[in-house]
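Asker: Mind docking chain B on chain A? Use the hints.
Chain by chain, the residues:
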Amino acid sequence: GAVVSQHPSRVICKSGTSVKIECRSLDFQATTMFWYRQFPKQSLMLMATSNEGSKATYEQGVEKDKFLINHASLTLSTLTVTSAHPEDSSFYICSARGYNITGLYEQYFGPGTRLTVT
Amino acid sequence: DAKTTQPPSMDCAEGRAANLPCNHSTISGNEYVYWYRQIHSQGPQYIIHGLKNNETNEMASLIITEDRKSSTLILPHATLRDTAVYYCIVRVDSGGSNYKLTFGKGTLLTVNP
Numbered sequence: 242g243a244v245v246s247q248h249p250s251r252v253i254c255k256s257g258t259s260v261k262i263e264c265r266s267l268d269f270q271a272t273t274m275f276w277y278r279q280f281p282k283q284s285l286m287l288m289a290t291s292n293e294g295s296k297a298t299y300e301q302g303v304e305k306d307k308f309l310i311n312h313a314s315l316t317l318s319t320l321t322v323t324s325a326h327p328e329d330s331s332f333y334i335c336s337a338r339g340y341n342i343t344g345l346y347e348q349y350f351g352p353g354t355r356l357t358v359t
Numbered sequence: 004d005a006k007t008t009q010p011p012s013m014d015c016a017e018g019r020a021a022n023l024p025c026n027h028s029t030i031s032g033n034e035y036v037y038w039y040r041q042i043h044s045q046g047p048q049y050i051i052h053g054l055k056n057n058e059t060n061e062m063a064s065l066i067i068t069e070d071r072k073s074s075t076l077i078l079p080h081a082t083l084r085d086t087a088v089y090y091c092i093v094r095v096d097s098g099g100s101n102y103k104l105t106f107g108k109g110t111l112l113t114v115n116p
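Same order as they appear, the protein sequences are chains A and B.
If you want the working numbering, it's the 1-based position in the first sequence plus 241.
If you want the working numbering, it's the 1-based position in the second sequence plus 3.
Hint data in this document are derived by calculation from the structure and do not stem from the laboratory.
Please note that the accuracy of each hint is not assured.
What the hints assert, rightly or not - Below, a list of computed lysine to aspartate or glutamate pairs in the EDC-like style, where the Cα atoms sit at most 16 Å apart:
no.: 1; chain 1: A; residue 1: K307; chain 2: A; residue 2: E328
no.: 2; chain 1: A; residue 1: K255; chain 2: A; residue 2: D329
no.: 3; chain 1: B; residue 1: K103; chain 2: B; residue 2: E34
no.: 4; chain 1: B; residue 1: K103; chain 2: A; residue 2: E347
no.: 5; chain 1: B; residue 1: K103; chain 2: A; residue 2: E300
no.: 6; chain 1: B; residue 1: K55; chain 2: B; residue 2: D70
What the hints assert, rightly or not - Covered stretches of chain B (in silico footprint by chain A; criterion: 3 or more residues with CB under 8 Å from a CB of chain A, positions within the stretch not fixed):
no.: 7; stretch: 41-52
no.: 8; stretch: 102-116
The beta-carbon is built from N, C-alpha and C at its ideal position, and this holds for glycine as well.
Isolated chain A (complex conformation) (with noise of 0.2 Å):
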């Protein structure tokens, strides 16, 4: 399958700051890609939705001022949590869907990236 890369895969910064974390597809152009957020325990959140160069649509109460998406090419997004809070702290994953180099159109996910918030 396509490989989607996440960078960093963990991180741990104080409240306060803000914090980026990278979603790439490296062998694949994505037209759409996708953060999620898991608690522990819990399913996999939709947070957002965004195609390259226009802006993302968030899910209802996910607060777009906080969680800043930029999807600048087909082959990487960013996700930004400013301002980070304790509660902030969870698996965050992003996903990418495209056509692969076998010409199917589907959607992968990344290794997640575990963000702490002290």
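Answerer: Using the frame of chain A, we list chain B on its own:
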């Protein structure tokens, strides 16, 4: 949006077939059934998807009932590495290819030695 119902947990002996059921009784005619799994602290991994016909790939088989109200994911020879949460998802089509994958609680499959 069609919702799915899965048992919260299942056990399977190593080497045996694991049959994971999913109920999606409100599925629409043009909605696909997708299966993903998530091994602890990793991102979800695509397994298989189907619309009407049964599907098979190198990882699993997907059996969809004729009325499409339920499906079963079959791992033919489960290994310890197949221990994961398995998600059955009905693809929500928000227009053309602009669909969203919404995850439920899934089934925690534990493969025992």
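Asker: Output the indices of the hints that this structure fails to meet, ascending.
Answerer: Of the numbered hints, all hold.
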